[in-house]
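Build the full structure now, drawing on both the sequences and the hints.
The opening residue of the sequence shown carries number 2 in my numbering; numbering runs sequentially from there.
None of these hints come from the bench; they were simulated from the model.
It is possible that some hints are incorrect.
Claimed, not checked - In silico BS3-like cross-links for lysine-lysine, where the CA-CA straight-line distance does not exceed 30 angstroms:
| hint | residue 1 | residue 2 |
| --- | --- | --- |
| 1 | Lys247 | Lys276 |
| 2 | Lys128 | Lys108 |
| 3 | Lys247 | Lys4 |
| 4 | Lys397 | Lys247 |
| 5 | Lys247 | Lys62 |
| 6 | Lys350 | Lys108 |
| 7 | Lys62 | Lys328 |
| 8 | Lys276 | Lys397 |
What the hints assert, rightly or not - Have a look at the derived ranges for each label pair, beta carbon to beta carbon:
| hint | residue 1 | residue 2 | range |
| --- | --- | --- | --- |
| 9 | Arg325 | Gly183 | 33 to 43 angstroms |
| 10 | Asp461 | Lys247 | 47 to 57 angstroms |
| 11 | Thr465 | Glu209 | 45 to 55 angstroms |
| 12 | Ser534 | Asp205 | 16 to 26 angstroms |
Keep in mind the model is a prediction, meaning the values are calculated, not measured.
Glycine included, each C-beta is placed from N, C-alpha and C at the ideal position.
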Amino acid sequence: MNKAYDIIVIGSGAAGCAAARACALHHPAASIALIEQGSRTAVPWVMRVPLMQPYIASVRKARPFLQTLSCVAEANLAGRSLPFTLGRGLGGSWLCNDMKYMRGTRKDYERWADASWTYDTLLPVFKSLEANSRGGSRDHGEDGPLRVTDAQRSNIDSGMNVRFFEACEAAGVPATNDFNTGQVDGFSAMQSYIDGGARVQAFDALIEGTQPRAPNLDLLDETCAERIHCRAGRVCDVEVSHRGDKRLLEARHVVVCAGTLRSPLLLQHSGIGAKGSVLDAPAVGQNLITTSAADLVFRIRNSSNVYSKSISWRNSSYLYRQWREYKENGTGVFSAFVEGAAYVRSQPKQDAPDLSILFFRTPQMGMTHWPMDGFTMRVTHHYPSSRGEVLYDGSKGTTFIRSGMLSTREDVLAMDEGVQWVGLLTTRDGTLQSVNHVDEKGRHVSPFWSYGAALHHPRDGLITQRSTAAFLAEHVKSGGDLYGTCAMGTVVDSQLRVNGIAGLFVADSSVVPLPTVASSSTLGSAIGARVASFIH
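Okay, here's the thing in C-alpha cells:
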C-alpha cells in the first residue's frame, strides 16, 4: 500500500537525523518520514566503547551495521583498491567514525564565497546542536541534543599525552585550548562526541532524545530508497523496498542525506547525473574530496612506569583494572579515543594549518595492533588538490568509485612534510627547544627520547622523499571525512535545492564544495539542520 508524506528524508546518519529533527520542529503540521536501510537493532558494545573504534570492522557482531564500498585499483596508491567503511543503521557512519568534534575554520567557509554559508551564519546552528561540557559561551552551546566532551582529565594528563604536548611546544607549535573557535592552529586536547564514557548515538540524541519522538515523524527502518521519481521537473515519489516488498512513497519534498558516496549514487540511479534520463547533471558524483591519512607507529623500549593503551602482556593487568573501572564508572582509558592533536602547516608561509597529527597511546594501524608498548601518530592532510569521482553505470548496474587520493604531487609533498613533523616530534633534533628534556650531552631532545621510542612501522624508516612517497602509496588511507560529490553551486544551490528538480534537496557532507578541516559528522549535522528552513 502506497503512502504520502510532505517530506521524506533519506538516510539516518548525522545529517539525516538532524534534518528529520529540524523538519519535525519547523513544520509540525507536515508529515515526515525518515528512511534508513539498516535496522533499529541495538548496536554491539564494541561500537559504543571509544577505545575499540579501530577494531569495529573486525568484530563479527558489528558487521551487520557496516557497509564497505571499494574503489577501483589506483596507480597512485600502488595499485590498491581503497575501501570506504560506512555505517549502516540508525546513526549511519556515526556508528563507526572517530567521534571528533571539529567545525572547520572561518577561512574554510570564506572559500565557498556564499554569503549564506559563512562561519558566523553556521555558528548558531553548531551551538544549537551541541551540549558542550564546557558550558555555554560565545563559541559553544550547552542545551543542544549532541553531547560534546573533553577526555577525562586523567587521560589527558597521562605521561604519554603530556610528552606529546611538550614535544609540540618544543617544536614551536603554539598551544590552544579550543579547536572550535573559527581557527585551528596549535596543539590541544581533543573534544569528542562521547557521553559518560560511551560514543554518543546520533539517532538517540537527535530523534529519540529525552522526549517521545515527534508525532509527525515516521521511522521506516530496514527500508532501502532505490529510486527517486520525478514528473514534469518536480519530485513526486520515492521507490523503496522493505524486506523484498517494493512500494512507492509519495512526497512533496525529498531530502537526500545518504552521505558523500551514497547520495550521488542514488541521484544517478534516479536518472539525475551525466546524460541522465531525468536530468543531465554532469557534476553529480564528481569532485570527491578525500582526506588522506597515514599512521606512523613507534615502539617504546624503556616502558617501565609507562601506562599506555597498548594491548600487551606487560600491560594486561593494567588494562584489566581499567576495564573494571570503565564498566563501573565509564571512566579510564577505555572512555576516550583521540585525546591529543596538533594542527600544523606543511609550508611555513601558509596562512593556516593544513595538516593534523593525532596522537594515540597505542601502537595501531587501522585494525592491525602490535602486542607491544608504543604509540601512534596519524598524519592527515585536510586540503588535498586531488579529486575523485563516484559513478553509477546504469547499463551494467555497477558502481565506480575512484578516490583520486595522492594523484597530485602537491598532496604527496604535503604528506611528506607531515611525516617530517612526526620525526621532529619524536627524535633528537637540533631545532627543538625543549627546556625539560636534554640528552647526556645537554642537547635538546624530544620528550619521547627517554622512552627509547623507535619507529616500528614502517620498519625500514623514511629517509628520502622517494621512500616516503612509496610508503604513502602503499599505506595511506582515507582520513574518514569525505565531501564534494553533490557540490553547492554545481549540483545544488545555496538553499540545498537540486538544480533543475523542484522539491528535491541534498543536505549532507556531499554538498561541501571545497576541502575543510571539519569532521563530516559535525558539518553534516549542521547542514542537515539548516535544510528545514529552506523547505516551504
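So, going through the hints one by one against the coordinates:
1. Lys247 to Lys276: 27 angstroms, holds
2. Lys128 to Lys108: Measuring from Cα to Cα gives roughly 19 angstroms; hence the hint holds.
3. Lys247 to Lys4: 12 angstroms, holds
4. Lys397 to Lys247: 22 angstroms, holds
5. Lys247 to Lys62: 28 angstroms, holds
6. Lys350 to Lys108: Given pair Lys350, Lys108 holds - Cα atoms ~16 angstroms apart, limit 30 angstroms.
7. Lys62 to Lys328: 20 angstroms, holds
8. Lys276 to Lys397: 15 angstroms, holds
9. Arg325 to Gly183: 33 to 43 angstroms: 41 angstroms, holds
10. Asp461 to Lys247: 47 to 57 angstroms: 55 angstroms, holds
11. Thr465 to Glu209: 45 to 55 angstroms: This hint holds: roughly 54 angstroms between Cβ atoms.
12. Ser534 to Asp205: 16 to 26 angstroms: Taking Cβ atoms as reference, Ser534 and Asp205 lie about 24 angstroms apart, which means the hint holds.
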